[in-house]
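From just these sequences and the hints, can you work out the full model?
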Amino acid sequence: MNKIKTSTVVGTPTLDCWSQAQFFSSERGGVGIVVQVERKEGGELIDLVSIGSSIVEGAKEEMVTEEGVISGMGEGIKASLAMIKIEDERVKITGNGEIETYLVRGGKLAKLGEATELERGIVGKLIEGDTLIVMTMGVKELVGEEKLQELCRGGEEAAEAIAPQLHGKEDSSRAAGLMISYEREEKSGIGVIMARLTERPIRVRGWSEGPQKLNVGLAVFALIFLIIMVGLGLWKRQVKVRQEAYSAVKEQVEQQIGAPRDTQKASDVNRKRQREQSWLER
Numbered sequence: 001m002n003k004i005k006t007s008t009v010v011g012t013p014t015l016d017c018w019s020q021a022q023f024f025s026s027e028r029g030g031v032g033i034v035v036q037v038e039r040k041e042g043g044e045l046i047d048l049v050s051i052g053s054s055i056v057e058g059a060k061e062e063m064v065t066e067e068g069v070i071s072g073m074g075e076g077i078k079a080s081l082a083m084i085k086i087e088d089e090r091v092k093i094t095g096n097g098e099i100e101t102y103l104v105r106g107g108k109l110a111k112l113g114e115a116t117e118l119e120r121g122i123v124g125k126l127i128e129g130d131t132l133i134v135m136t137m138g139v140k141e142l143v144g145e146e147k148l149q150e151l152c153r154g155g156e157e158a159a160e161a162i163a164p165q166l167h168g169k170e171d172s173s174r175a176a177g178l179m180i181s182y183e184r185e186e187k188s189g190i191g192v193i194m195a196r197l198t199e200r201p202i203r204v205r206g207w208s209e210g211p212q213k214l215n216v217g218l219a220v221f222a223l224i225f226l227i228i229m230v231g232l233g234l235w236k237r238q239v240k241v242r243q244e245a246y247s248a249v250k251e252q253v254e255q256q257i258g259a260p261r262d263t264q265k266a267s268d269v270n271r272k273r274q275r276e277q278s279w280l281e282r
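Each step along the sequence shown adds one to the number in our numbering, with nothing skipped, and position 73 is 73.
Certain hints may be false.
Stated by the list, open to error - Quick list of in silico lysine to any residue cross-link-like pairs, SDA-like style, CA-CA up to 20 Å: (1) 40 - 77; (2) 3 - 114; (3) 111 - 90; (4) 140 - 164; (5) 140 - 110; (6) 5 - 40; (7) 78 - 50; (8) 92 - 183; (9) 125 - 26; (10) 111 - 127; (11) 3 - 22; (12) 40 - 96; (13) 60 - 30; (14) 140 - 114; (15) 3 - 127; (16) 5 - 25; (17) 147 - 183.
To be verified - Cβ-Cβ distance ranges computed for the label pairs, FRET-style: (18) 150 - 40: 32 to 38 Å; (19) 146 - 5: 55 to 61 Å; (20) 244 - 3: 52 to 58 Å; (21) 183 - 240: 34 to 40 Å.
The set of hints was computed from the structure by calculation and includes no laboratory data.
Beta carbons are placed, not taken as given, at the ideal position from N, Cα and C, and that holds for glycine.
So this is what it looks like as structure tokens:
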């Protein structure tokens, strides 16, 4: 079965802001959430912990959407939210507000879409070794963009690298991040070949830093061509074997036809007839 490893980084909450990141595993994947709830300047003092916890619990039961949460916030509350749903190797990420999403693949880091694309939803497939990183912008503000990108290239170790960067900061309440590392079940033989041919990286417009994408159509055509060539080779081999067998039989028959027969010479036959004739005349 597919194996998912998760890790989180969460800052210290305050009366004005509460952030959280969690992942709830299921048999075929799971649901992740990164949420930030903050009180707008001049707004009423509200129990942000209770509001945020109810959002997280609703995400666990898949009973909330980012649109519903954002639209349901009161005038004095501002919310940023990202939800990640993984089923087998398929993943969908939707979000709204101050959220950023990255993918680490093959040691390279790529940002998955801008805010408008995240609102519409980013859909794709994970491959073995991928790490998704979903975080609030507060993490980047505290760590710094260049340092953050350097740490995120570590993939599943990113959380361990980022967490110390938040310690000692005056206000880390707006920082929360979720790292999801994907490992596929082990396959062998033809299973590996088919998995490699059919896997498709997450496609994001403007993603220039990511690795080259596998052209699935071309790969399938190559596989079909390979099967045809192998079949043609086997057919030619069978024809050659049959031709060799036919030639051997033909040669054997020709040898048998051309071999000297075990017959008596004509002179011996004539002498025998002469003896028989002379005996009759007596």
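inquiry  = Which constraints among the numbered hints does this structure fail? Numbers only, ascending.
reply    = 2, 6, 17, 19 and 21
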